[in-house]
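Visitor: These are the residues of each chain, in order.
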Amino acid sequence: MRPFTYTRANDATSAIKLLTENPNARFLAGGTNLLDLMKEDVERPNTLIDISDLGLAEVKSIANGVNKGGVSMGGLGKNTDAANHPLIRQHYPLLTQAILAGASGQLRNMATNGGNLLQRTRCPYFYEVSMPCNKRAPGTGCGAREGINRMHAIFGWSDQCVAVYPSDMAVALAALDAVVHVRNAAGQERQIPIADFHRLPGNQPEKDTNLVHGELITAIELPPNRLADKSYYLKVRDRASYAFALVSVAAALETEGAMIKQARIAMGGVAHKPWRALKAEQLLVGKEATEANFNQAAEAVMADAKPLAHNAFKVELGKRSIVLALQTAMNGGKL
Amino acid sequence: MDEHESPELTEDEKRLFANLMPEDLSEILDTGVNRRHFLKLMTLAGGGILAAQSAVAEQLLTRPLTPAPAIEPASVSLDNAVNVSFKVNGTVRKLTVDSRMTLLDALRERLDLTGSKKGCDHGQCGACTVMVNGHRVLSCLTLTASCEGKAVQTIEGLAKNDTLHPMQDAFLKHDGFQCGFCTPGQICSAVAMLDEAKKGQASYVTQNVRQTTGPARLSNEEIRERMSGNICRCGAYPNIVAAIQEVYSGKPVEQVFRSV
Amino acid sequence: MKDTNKAVGSPINRIDGIAKVTGKAPYSMDHTVTNPAYALLVKSTIAAGTIQDIDSAAAEKAPGVLAIITHKNAPKLNVKGGLRGGALLQSPEIEFFGQNIGIVVAETFEQARYASRLINVTYEKKEPKVDFDLVADQARMPKDKDKADAKRGDVQAALRQATHKVEEVYETPIEHHHPMEPHAAIAEWNGDKVTLYSSAQIVNGAQSAAAATLNLKPEQVRIVSPYIGGGFGSKGGQWANLALAAVAARQVNRPVKLALTRQQMVNSVGLRQHNRQKVSLAATADGKLTALAHEITTHCAINDEFVEPCGDCSKIMYDSPNSLITYRVVPMNLIVPTYTRGPGKSTGSFALESAMDELAYTLKMDPIEFRIKNEPARDPSNGKPWSSRTTVQCLREGAKAFGWEKRKPEPRQNAQGNYWIGYGVSAGTYPAHQRPTSALVKLNRTGNEVKATIELAAADLGTGTYTILTQTAADALGLAVQNVHVKIGDSDLPPAAGAVGSVGAASYANAVNDACEKITQELLTKSGKQFFVRPTAAQLMLSEKLTDYQTRVDSKPPEQAEEYSAHSFNANFAEVAVNKSTGMVRVNRFLAVTGAGKILNPKTARSQIIGGNVWGIGMALTEESVVDPRWGNFVTRSLGDYHVPANLDIGHLDAIFINEHDEHVNTLGIKGIGEVGIVGVAAAIANAVFNATGKRVRELPITPDKVL
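Sequence lines, in order, name chains Y, W and F. Using my numbering, the first residue of the first sequence is number 1, and each one after it goes up by one. Using my numbering, the first residue of the second sequence is number 336, and each one after it goes up by one. Using my numbering, the first residue of the third sequence is number 596, and each one after it goes up by one.
Hints are computed from structural coordinates only; laboratory data are not their basis. Computed from a predicted model, the values in this text were never measured in an experiment. In this text, a Cβ means the ideal position worked out from N, Cα and C, and glycines have one as well. Warning: the hint list may mix true and false statements.
[Unchecked claim] What follows is a list of derived Cβ distance ranges for each label pair:
no., chain 1, residue 1, chain 2, residue 2, range
1, W, E589, F, T758, 49 to 57 Å
2, F, N977, W, S554, 46 to 54 Å
3, F, R1129, W, G425, 51 to 59 Å
4, F, R1129, W, D530, 15 to 23 Å
5, Y, V285, W, Q590, 51 to 59 Å
[Stated by the list, open to error] For lysine to any residue, the following SDA-like pairs were computed, each having C-alpha atoms within a straight-line distance of at most 20 Å:
no., chain 1, residue 1, chain 2, residue 2
6, F, K1175, Y, A292
7, Y, K334, W, A551
8, W, K495, W, V427
9, F, K979, F, G882
10, F, K1003, F, D744
11, F, K1301, Y, E316
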């Protein structure tokens, strides 16, 4: 860990100002990933601005605007509190399950909603500083592309980077069309749809998100929906708990009689961002909620998959997981 | 004020003292004899008494007493020093720390509270679990600097008035450990976890997360999932679950030792 | 014997339990020393080659740095002193990725960690041998004569003639011990003597290896190790970090704390090697084995050979007229492998017991009956009689208790919702030995109360040593357990065997019992009286009005023990649920039935067995260390990447012990249980996965991708 100055921010405006002025400064919120990476010498900030006193932690109903009737979660709220808030549990059980599928009780008590969005990949070549990694050290190459890539991407990767984004929470947010609210030094607010928040690696794998240095995540908004009755977050992993996903699926359905009126499918553990399967969702609309139709949708999602040397299994596993998640969603989220 | 040294005997020391010289205990406590005197006294009492005592006595007395600095900035010059004042097990502690110092290292290296363990230092094992403002967190991923004004509870603060915390008792009875290294983290985690359940918090294995009224019901499966952030390499998990189930349910969980 | 036998065999709580649940038990890094400095190791970032230069100028100037020690300025150490794994900073040669190449010592841990990142190393690289698949065909016969080819009869001929046979290759990956306590030492010099507070499964071994490496006499090194945060073999032999802590402390002339980081554990303290095991079995149509061959290929370090004995179970488990066990080993640029829980037997039994299951299916026989049919009357490898053998009992009793009759013989016949349910069985074994151990017993009387102190340099790594020795001494002396105090884990105490290879309980308890017998006998003689009923030592202290008396014994295993083949035996029963969609495997129920001689404490013994089972479940389902085949680094270098089982991975575990009186193995009839609990576990689970799904996984771990 490099030496850094520690500053405790009293208000959002001054925190944002401090960050904006110093390209080597970072916000410290939960710290669960940042301190981990600093100990590994991957992150090397010279200043930490502790933003845990800024408030911005509330979960509340949205009274006005496009997302009226939805729910807003503060960017600095703890994952535990978001997952367990009655408004989230009642109206967005998919999000509750996704958050609770991630990490451990202790980590969720520390990690914030905004910080969860900004988690960095757990690619071991990113973490081991003696290894090549274009994300950590642009231009050094990708250790995983021709190396051990069982855990890596099957969608949207580039020769520069095959890492996957590790968050579970964000996969549910992708399925729920969440909107990320950020504020900059000029006091301007901007809203980033979750689909545009994270990036594919392309030629700039060092950039995980479209957030600009100096911006603070103030809130995450969830638009109202009719998906709460039929949703499920499925996480497949190498051990039963406390492990990152091989594949995860956030699935939600709205049905009318036997017909699917609306479907949402997003995947984790397969790409550099939460992988929303819009095409497959469209395939399901107007169809019956049958295993055959779920299979067809799953096939459609996986048609675009480009597996690497060690992760071809994710294609088959992904298909089966989509089907199982949709079936479980139909069953009210109960296995 | 001597920050390094608690003026009072620890619960263990009291217990030990009570075992050795019960008639003197109240006097010692009333007159405020401090740890240093106590330990000197114990050393003078000699091997005969010591030999007969428990493992607790053994290691209390084999841990040498360090000369404590009168005030706590450490003797070395620290980079980016931060002053922090926080409560640890009910006592206010004031430290000047390197901004990089984690809460875990502050507890262990500066406050002589070595119960919290460094198993991985990266949030992947749970051995460093402590409670901050009542919530279980990982002290290895918590900066000491960020603890200003907070209340930290560690394994050393769980036993009260000569009595083990029920969770400590249950771990002892159910043999919820072998090597014991993960145990302080397991116990802190378990204590806080039961509080989370009482508040109705859900887990990934909760059947219906939309049901939000009342405390969570903890099946063994619920306990397993909620305790999965505490790795036990010795594999004491079934015993840990039994211990927690006993405290949760308030009823003895049967221990079966089978042979044929 | 005595009629006061009441502590031994009763499930008392751990004597060291209160210290553990209150956080007061001092592990390596918990001991208090005055004004410590903090050290961190610097590791190589190549697997083969030579260090050309180490530029430590920036690190030396970093705040708080006290010393930087590399091969350029390290003191001369004895690389053949007995520490394992080399990496003692004696040369610029690099033989594996993550080899120690330096030590940074600073005023604080934070300063040392930062400075360690400022060291620049330039290497002349060589092509490393790090891809097992590429070099496996270069494997040669091991130097170790125990690993020479063992042949009986003609296996090939029997295989050719057989109507029913299995010839398959089973793979077990590299595993790491990952005890919760990373290896660490606090070194404190006093003149020319050094105290090392460091976890050691073999206290005297650590002392002699550290001393020899540091060019000191053993009495100049004291190892203090009252509590061990897990070891599982990795703290049996000791490693460079132990001596380097002493080197650093000498250099800066104050106590030094040196702990490995979790990431450094993967290339500092050994590993369980990757084993490629071909098992060939042949049987007659009615299930009598006619051939049993077990051919093992594995790897070792470039200049150091260690081969875990994967053929041991195959040597003794079943009767076959034709038998072949071979080992081949290839040096690679990886740290030297070492003993890992159930060394050889846990991995070897995966191959053997999977193959037995496969052949049972071919024969359409119940796998329990098939095993029992091939039960050997004597040890097939040497013709010796068994000191006792409980395999059949373990299988029969286990089948009853587990509800084996509910098993559907054919796969995919037992479904519950979205899960396939399967049952699997295996049998296992681990040798039982007693090793020389000394023990000192001191009696002290105050008024009418007699207390005892037992002293020996034994180790307790969660195995229950404190507890079982307290119980043993209490009974042998006629005292209550509260009046017995056991002191272990210090090389200043009488020398003792290590807590390794399941020899701890037998060696320690027999020595303590012998010491108690001796002190009783001496007190009897001293009293000069004759008694109708032999009094206890405690009674003699009272009757003779003695205040202090002590004696020491140097205990050895009984000579006639060599005439017998002595082993613990077990049978494992697993019920798994396999998710039909995702392939995730869950062990719903697991039962281990164990015949391990006298059980000194049913509570700690059950924990030992269950702990071994959890290790086996990890081996079966989650654990794998992956090497990058180009560079030789471990890709799975953290506990986030290397999956030790978590609480939710473990279903209902149950343990049954066979009430066994083995009068040959040693005086107290103790066989040891530290290792046998893992033996056969992975096979039972793999067999259950086959029974559930029809998918035979021969390559561990059984992760979802392999079951799909």
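Visitor: Run the distance test for K334 of chain Y versus A551 of chain W: straight-line Cα separation, threshold 20 Å.
Guide: Cα-Cα ~17 Å, so holds.
Visitor: May I ask you to test the hint 49 to 57 Å on the CB atoms belonging to E589 of chain W and T758 of chain F?
Guide: holds (50 Å)
Visitor: Taking 51 to 59 Å as the hint, is the beta-carbon distance of R1129 of chain F and G425 of chain W inside that range?
Guide: Once the Cβ atoms are compared, 55 Å apart, the range 51 to 59 Å for G425 of chain W and R1129 of chain F holds.
Visitor: With the threshold set at 20 Å, check whether the alpha-carbon distance from K1301 of chain F to E316 of chain Y stays at or below it.
Guide: holds (11 Å)
Visitor: A range of 46 to 54 Å was offered for this pair. Does it hold for the Cβ distance of N977 of chain F and S554 of chain W?
Guide: Since the Cβ atoms of N977 of chain F and S554 of chain W sit about 51 Å apart, the hinted range of 46 to 54 Å holds.
Visitor: Given the hint that K495 of chain W pairs with V427 of chain W, does the C-alpha gap stay at or below 20 Å?
Guide: holds (18 Å)
Visitor: Taking the Cβ atom of V285 of chain Y and the Cβ atom of Q590 of chain W, is their distance within the range 51 to 59 Å?
Guide: Holds, at about 56 Å.
Visitor: Hinted pair, alpha-carbon criterion (20 Å max): K1003 of chain F, D744 of chain F. Please report holds or violated.
Guide: violated (39 Å)
Visitor: Are the Cα positions of K979 of chain F and G882 of chain F separated by 20 Å at most?
Guide: Roughly 25 Å separates the two Cα atoms, so the pair is violated.
Visitor: In this structure, is the beta-carbon distance linking R1129 of chain F and D530 of chain W contained in 15 to 23 Å?
Guide: violated (56 Å)
Visitor: Taken at face value, is the distance from the CA of A292 of chain Y to the CA of K1175 of chain F at most 20 Å?
Guide: Roughly 16 Å between the alpha carbons, so the hint for K1175 of chain F and A292 of chain Y holds.
In summary, the numbered hints that this structure violates are 4, 9, 10.
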